[in-house]
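Each chain, letter by letter, is given below.
There are 2 protein chains.
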Amino acid sequence: MTISTLQKARYSYNPKLPGMLRNGIAEICVKNGAPTESVADQEKIKALFPNTYGKNEITFQKGANTSTAKKQVVGVILSGGQAPGGHNVVCGLYDALKATDKDNVLLGFKGGPSGLIEDDYIEMTDEFIDQYRNTGGFDIIGSGRTKLETVPQFEIVTEVAKKHGLTAIVIIGGDDSNTNAAVLAEYMAAHNTGVQVIGCPKTIDGDLKNEDIETSFGFDTATKTYSEVIGNIERDANSAKKYWHFIKLMGRSASHVTLECALQTQPNICLVGEEVAAKKQSLSEIADQIADSVAVRGNRGDNFGVALIPEGIVEFVPEFSKLIAEINELLAGEKTEQFNALPSWDDKYAFIEKGLTAESMAVFSILPVGIQQQLFLERDPHGNVQVSLIESEKLFAELVKNKLAERAAAGTYTGKFSTLTHFFGYEGRCAFPSNFDSDYCYSLGYNAFMLIQYGFTGYLSKVSNLSAPAEEWVAGGMPITKMMNIERRNGEDKPVIRKALVELDGAPFKYFAEHRAKWADETCFLYPGAIQYYGPAEVCDATTKTLALEQAK
Amino acid sequence: MTISTLQKARYSYNPKLPGMLRNGIAEICVKNGAPTESVADQEKIKALFPNTYGKNEITFQKGANTSTAKKQVVGVILSGGQAPGGHNVVCGLYDALKATDKDNVLLGFKGGPSGLIEDDYIEMTDEFIDQYRNTGGFDIIGSGRTKLETVPQFEIVTEVAKKHGLTAIVIIGGDDSNTNAAVLAEYMAAHNTGVQVIGCPKTIDGDLKNEDIETSFGFDTATKTYSEVIGNIERDANSAKKYWHFIKLMGRSASHVTLECALQTQPNICLVGEEVAAKKQSLSEIADQIADSVAVRGNRGDNFGVALIPEGIVEFVPEFSKLIAEINELLAGEKTEQFNALPSWDDKYAFIEKGLTAESMAVFSILPVGIQQQLFLERDPHGNVQVSLIESEKLFAELVKNKLAERAAAGTYTGKFSTLTHFFGYEGRCAFPSNFDSDYCYSLGYNAFMLIQYGFTGYLSKVSNLSAPAEEWVAGGMPITKMMNIERRNGEDKPVIRKALVELDGAPFKYFAEHRAKWADETCFLYPGAIQYYGPAEVCDATTKTLALEQAK
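These protein sequence lines are chains B and W, in that order.
Mapping to our numbering: the first sequence position 328 is 328, numbers consecutive.
Mapping to our numbering: the second sequence position 458 is 458, numbers consecutive.
The shape of chain B in the complex, shown without the other chains:
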């Protein structure tokens, strides 16, 4: 067997387009909206994007297609981490391109932006594309993390574009990749290359979100996949009644993924990094908050529970960020060698004790020894602490255990506390896209081609009104510059799309905040089960709770 039965079945799923794109290529025309300006720093952004700034928002509608007939040769790349539905963006793009003119060409550049620089590509055909319809993964052409942002790179891309006669490049990626798409679009326009650039909003992290991007693709499928296994673990906890499960979830730095999973599964505890930062919480305070739930439950005999922990949590804890900064300083340059030469951990510990401030040492000293050692021994090529490797699920399990020991000694806790830890991330990035992501991604790709065909550049493929049925979705385009502001990055002022953190006054967090006391005390677990692609619409076609709450009338 070379493919699974589900993969075979999914090939014949017909993704739903927004109603306005359903009448055939000949019946799609442009409706102009208002001119745009960037969300902040208008003068600076305008100066950086003289050729692409301030264009109109547009939507598509039913009407005679007035685009210019010309042969299109489009290049597409996938950029950054995998997200379910990437294949469908390519499929939608391909179908619109071929429906417009069967002589149009789609080139897939391999391994991310580097494929465009190294001119490593494949020409898409029906037979090839058909193997990837409605499937997960980025294996169709691979992905990569090379950043496309320097003028020398742009010069090479221009050469490659010229060689193939490219009329447009579609960049499927996250906030950085879309920022770079805007910069490349400006470069191409300024140099009269005739190459348009269109971006598509991808990331499971959910942090590419603003008034124009209701959700990035992949977030729906990834959070449903995590929620499936979280729900299964909750049910196990509620059956065995003897473990607390500490579950870390991917999605740095924002806590969107974890919050969405909490809305889907109603665990006892869900940490939200943005709240921790706003309240300037310490590790000890967070541990106490979890211990409160464990104690209330344990004192009545419910010695089980589930706690969700966002991957980026420790970066939001002020005292921990300070500790990390001090460690990086303590081991800067040749001091690493000096440290590594110390013969035993005891010697190293003495060195650390001498080097850290009393405040940071107080934080360091409560960490489990495994995490203490990791902070000093496993460092990235620049000698910095690898925050993403910190096993915060084990950290909090340990801190809570210590808190409970104190409470037991004080007579306020009489339960038992056994923990199991998990980390979910890679399980969700390449799942078969949900019907929502299949439809949304296909629409983004289809729509991206319509933007190309109508001559737009520096635009993001925009599909909105996403909590409604696909029929009512609104397809169009938004100048990427509209989403930009100036931020300090690596010591330079840069025009970038702002990363969206969880808003503490947003509807999803507020819903959570209203219910969490009950969830912490009682057992309100929800078991979402596996993503369903067939069956009742209420099971198969709903998107995230985040979007439903944000768009609730």
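FYI, nobody ran anything at the bench for these hints, they're computed from the structure.
Treat the hints with care, since some could be wrong.
Note that identical chains are pooled: a pair holds if it fits in a single copy or bridges any two copies.
Said to hold, decoys possible - BS3-like, lysine-lysine: derived pairs with alpha carbons at most 27 angstroms apart:
no., residue 1, residue 2
1, Lys44, Lys71
2, Lys71, Lys110
3, Lys163, Lys518
4, Lys44, Lys147
5, Lys494, Lys8
Remember, predicted model here, so these are calculated numbers, not experimental data.
Starting from the known structure of chain B, arrange chain W on it as the hints suggest.
Structure of chain W alone, referenced to chain B:
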């Protein structure tokens, strides 16, 4: 919201019974088969079970119901670890019981066998049962690991049975629980209590399997859940092309779960404990075998892959078992205290070096320090090494890394090797049961009641021909004693159901062995995706590859 949309939708699923049970209670009669004898040690087993040994196998068929009309009061318990479908066994039992006579009573004893001893129970009603139809978990009445095996326990159970007027007890559990069901049945018969005992074969591990039990329930759903996430990770590996994922899977000690997942996902590497034992492989040999695949792939630029590792693997490695035995000996009794008093790990290491044989020290010295420390520091209440906690996924990742460093130095390996590790177990035990497990479990429960109604005791509820459509399944009963032999357990000869290990000359392993060289070298990943409950039959209704291969004509 109090339940998920899938849970609500699953309530209305109508589990499929074997054809012979579909004509209504009035049309089910018994067809006697041959008398049975135990698979081995016939004289000894017969002597231990004078009242229940040697009975006939029976099947049900369409015909006038000739069972005696009497009010049935049945007790049911769930025993041991969770397995998807347990709720449906209870539902099937309840439905058959109530269809026979609405005055019949089903009592669910809570928290496993201890519920029966402590007389902690709930009387089942339609309203109560309907909340659990086709759902995962054992939360309907909970489960527990108390063993029901001593005469004092049986005396208490007899009292509880008398109090409630119990006519039968159904024990849903694994090999040990079914063994104990047979012993209890014999006790009840010998003491003329009038209480029948019926067993149902549960375990995700797949090791409760023999010529009469084609598969234990839960194995199908659990392996599909693990295969979903393994397939997603494979697709991620094949997209990012930069990680080797080492994935440990639950299911001690046998490797059925891991082998089934390998058949479903075609990873590069799958270790099978039974083969390791048969070939008397060393850790180093296993690491070399994995390194061979990494090197072949890495040398052509494919620096990614997936390796599946059964939880029980290290117990099958002779040199490792020897090491564990020596460690247990080294720390026996008061020696633990002496060891713990040593101030540093260096001191402890010196103690270990002095205490182990040279052979075991050679094994110990190649282990990652984290695992070395775990072996000595995290011990069970009896002071023994906790084999199940050994992070063998990290162990092999580390050993392979060392092998590759040697090869790189020798110039035979030019790739890069970065690893990520995972452990899946709790994710699969409480998933919504697949259609197969929903049907199979409901049939087991329904059938269990028919065995009760016809007066059988010491029987296992048996449903077979499971790779065919449910219509063609064969329902009946088999004396549990038939599956027994005598084994040495804790220094005593005991009658037990033999645990089924993976058979190296069985069809599933042979299929794997024929294909693994290709899977190791090439990328043949299969992506099964999430369990589907609706949709095309070939996606939703097929059971495991293991069963399909075992029953292939």
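Checked hints:
no.	hint	in the structure
1	Lys44 x Lys71	neither (36 angstroms within a copy, 86 angstroms between copies)
2	Lys71 x Lys110	within (23 angstroms within a copy, 72 angstroms between copies)
3	Lys163 x Lys518	neither (63 angstroms within a copy, 39 angstroms between copies)
4	Lys44 x Lys147	within (22 angstroms within a copy, 74 angstroms between copies)
5	Lys494 x Lys8	neither (45 angstroms within a copy, 50 angstroms between copies)
Checked against the numbered hints given earlier, the structure breaks hints 1, 3 and 5 and satisfies all the rest.
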